[in-house]
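S.K.: Now for the letters of each chain:
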Amino acid sequence: MANEVNGEVEDKFEPHPGVEDGTVVTSIIDGKKIRERVVHDVDDEGNIIGSHKENIEVK
Amino acid sequence: MPGSTQTISEWNGVSPGTETASRAEQNWKAVDDSTTSYAVSPINSTNNENSMAKIQAVKFAGTWNTLSAGTVKIDNNAPATGLSIVGSVLTAYTQPTRTATGDSAMSTSGLSFNFNSSTTPFGAGTSSTSAGGTMYAQALRTQLQTLSTYAGGPGDITSRTITYAWTES
Chain R
1 MANEVNGEVE
11 DKFEPHPGVE
21 DGTVVTSIID
31 GKKIRERVVH
41 DVDDEGNIIG
51 SHKENIEVK
Chain X
60 MPGSTQTISE
70 WNGVSPGTET
80 ASRAEQNWKA
90 VDDSTTSYAV
100 SPINSTNNEN
110 SMAKIQAVKF
120 AGTWNTLSAG
130 TVKIDNNAPA
140 TGLSIVGSVL
150 TAYTQPTRTA
160 TGDSAMSTSG
170 LSFNFNSSTT
180 PFGAGTSSTS
190 AGGTMYAQAL
200 RTQLQTLSTY
210 AGGPGDITSR
220 TITYAWTES
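So the sequences go chain by chain: R and X. Residue 59, in the working numbering, is where the first sequence stops; the numbers in between run on with no holes. Residue 228, in the working numbering, is where the second sequence stops; the numbers in between run on with no holes.
One thing to keep in mind: the hints can contain errors.
[Said to hold, decoys possible] Derived contacts from chain R toward chain X, CB cut-off under 10 angstroms, selection only:
1. T23
2. S27
3. I28
4. R37
5. V38
6. G50
7. H52
Just so you know, these hints were derived from the structure itself, not from any lab. Computed from a prediction, not measured in an experiment: that's the story for all the values here. Backbone N, C-alpha and C fix where the C-beta goes; we use that ideal spot for every residue, glycine too.
Excised from the complex, chain R in its bound form (with noise of 0.2 angstroms):
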């Protein structure tokens, strides 16, 4: 007989992109190499709340 265990499981919530805020990326998009920068999102206290891409240039 199977343990029976009881709770709930959440998604952890890791807002941090693992890189630091302005950091450059080059992508690669389609075979096409893009130069990108990661850009954090924080709320009104500065905590992170996310993250997205910037483009910068194509090569």
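Since the structure of chain R is provided, determine the placement of chain X on it from the hints.
M.R.: For chain X alone, kept in the frame of chain R given last:
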């Protein structure tokens, strides 16, 4: 009064976009269409890739008097390190691309959307409407952006929930 009914449409391709009605999924993938399986058009986090932007909107129909106070949110815009889901409500159609849309992290508290017209979601719209019948809400554009810091390996990411809410009479 029976109230409104809702379906979700998707737009792809060159402006003004081709509508596919009654979408049942909103999978992010590397191609701009409503037919290709995401499984054969994946996004490579090792290469810091982004998905194709996804544009969908709620289409109201049925019998209603007023619609107002529209909002849309996602339950989690950063489901793992190296994964970001960005989004914005559009006032005009832009052909989807895989380069960064420039949108901020998709709101987990709610973006406001307006109600536009009986024929298209693309426009300024109004925050409330009493037009009745068919009514497109402004469209939501989302994109899954990845970084090589994602450690989840190949395969599906966890499912996300996008919730549209409004006031109706």
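S.K.: Does the interface hint hold: is V38 of chain R within less than 10 angstroms of chain X, judged Cβ to Cβ?
M.R.: holds, 7 angstroms
S.K.: Could you check if G50 of chain R really has its C-beta closer than 10 angstroms to a C-beta on chain X?
M.R.: Result: holds, 2 angstroms to nearest chain X Cβ.
S.K.: Hint check: is the beta carbon of R37 of chain R less than 10 angstroms from a beta carbon of chain X?
M.R.: holds, 9 angstroms
S.K.: With a cut-off of 10 angstroms on the beta carbons, see whether T23 of chain R makes it to chain X.
M.R.: holds, 9 angstroms
S.K.: Once the shortest beta carbon distance from S27 of chain R to chain X is found, is it less than 10 angstroms?
M.R.: Holds - the Cβ of S27 of chain R comes within 10 angstroms of chain X, reaching about 4 angstroms at its closest.
S.K.: Hey, does the H52 of chain R contact hint survive, CB to chain X under 10 angstroms?
M.R.: holds, 4 angstroms
S.K.: Minimum Cβ distance from I28 of chain R to chain X below 10 angstroms?
M.R.: holds, 4 angstroms
In the structure shown, no violation is registered for any of the earlier numbered hints.
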